[in-house]
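Trainee: Residue 1 is where the sequence shown starts when you use the UniProt record's numbering, and the numbers rise one by one after that.
It should be emphasised that the hints constitute simulated quantities derived from the structure, not laboratory data. Each hint should be verified, as a subset may be incorrect.
[As the list claims (entries may be wrong)] Simulated restraints, written as ranges between beta carbons of each label pair:
#, residue 1, residue 2, range
1, R232, A91, 41 to 51 Å
2, K142, R169, 42 to 52 Å
3, E204, A96, 41 to 51 Å
4, K176, A238, 18 to 28 Å
5, R232, D95, 43 to 53 Å
6, D97, D124, 36 to 46 Å
Here a beta-carbon is modelled for each residue, glycine too, at the ideal position from N, C-alpha and C.
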Amino acid sequence: MSPPPPQPSRPAATCVIFRRAASGPDEILMQRRSEKLEFAGGMVVFPGGRVDEADFALAERFPSLDKSDAAARIAAIRETLEEAGLAIGLADPIDADQARAARAMLDEIGALEPVLAHFGWMLDLEALTPFARWHPRHAAFKVYDTRFYLADLGTGAVDIAPDGGETSRLFWASAKDALAMVESGEIGVIFPTLRNLERLALFETYADARRQAESIAIREICPVSETRTDGRYLTIPADQGYPVTEQRFDTVVRAKAKG
Numbered sequence: 001m002s003p004p005p006p007q008p009s010r011p012a013a014t015c016v017i018f019r020r021a022a023s024g025p026d027e028i029l030m031q032r033r034s035e036k037l038e039f040a041g042g043m044v045v046f047p048g049g050r051v052d053e054a055d056f057a058l059a060e061r062f063p064s065l066d067k068s069d070a071a072a073r074i075a076a077i078r079e080t081l082e083e084a085g086l087a088i089g090l091a092d093p094i095d096a097d098q099a100r101a102a103r104a105m106l107d108e109i110g111a112l113e114p115v116l117a118h119f120g121w122m123l124d125l126e127a128l129t130p131f132a133r134w135h136p137r138h139a140a141f142k143v144y145d146t147r148f149y150l151a152d153l154g155t156g157a158v159d160i161a162p163d164g165g166e167t168s169r170l171f172w173a174s175a176k177d178a179l180a181m182v183e184s185g186e187i188g189v190i191f192p193t194l195r196n197l198e199r200l201a202l203f204e205t206y207a208d209a210r211r212q213a214e215s216i217a218i219r220e221i222c223p224v225s226e227t228r229t230d231g232r233y234l235t236i237p238a239d240q241g242y243p244v245t246e247q248r249f250d251t252v253v254r255a256k257a258k259g
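Based on the provided sequences and hints, a complete structural model is requested.
Mentor: Put into structure tokens, the structure is as follows:
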């Protein structure tokens, strides 16, 4: 019997959003996905989601960027507003009341361009720094070609709230603290999120993370299964900035978090 045909890839985008902590390393925004979701239900991830056709249409306004890259940045901005009520990637600062009003309008319309036009806002796509691109083609359920970006909030004096749909919880934590939560079983994460947290834990600040990201020629990361004498491993390339590039296949988290 021949193997099933590969699943079609779906473009997606996610954003690692930093804020200054009162003390210690910068914190990043994490969200727990609703248990009801088919993909990674109950898992903790960074804000993000699929790139829509409307994102590609809006990307036409940014000819200096590759269209797929621009559309992914727009999707990351849209999804962050939708899921967390947090406005990033805008040319000018806005207050919490404006962000809430924009989120309500986005929830009703579903596209970012009319929201921008209504409030007279301009996007600053350069505020998002490319960090990685994960494309696990072997996935049996859904295949996402996901671009990861970095964004900085500075002092972090913002209001956030889960959307009550796809997102059940939002919280700020340093990457090291998030890894400790994974280790204790407080939260569950899928393979790409774990590798990204390990990479982010190398840095004390957003500036440090951005500096490393800008020094790397980003290419698709497609995890590969390798069978060795001591077992089967899931591996990623060694040239993309990750301190851990392999994990025993039988320990890769696919179950939901405890509790």
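Trainee: Need the list of violated hint numbers for this structure, in ascending order.
Mentor: Hints 2, 3, 6 contradicted; others consistent.
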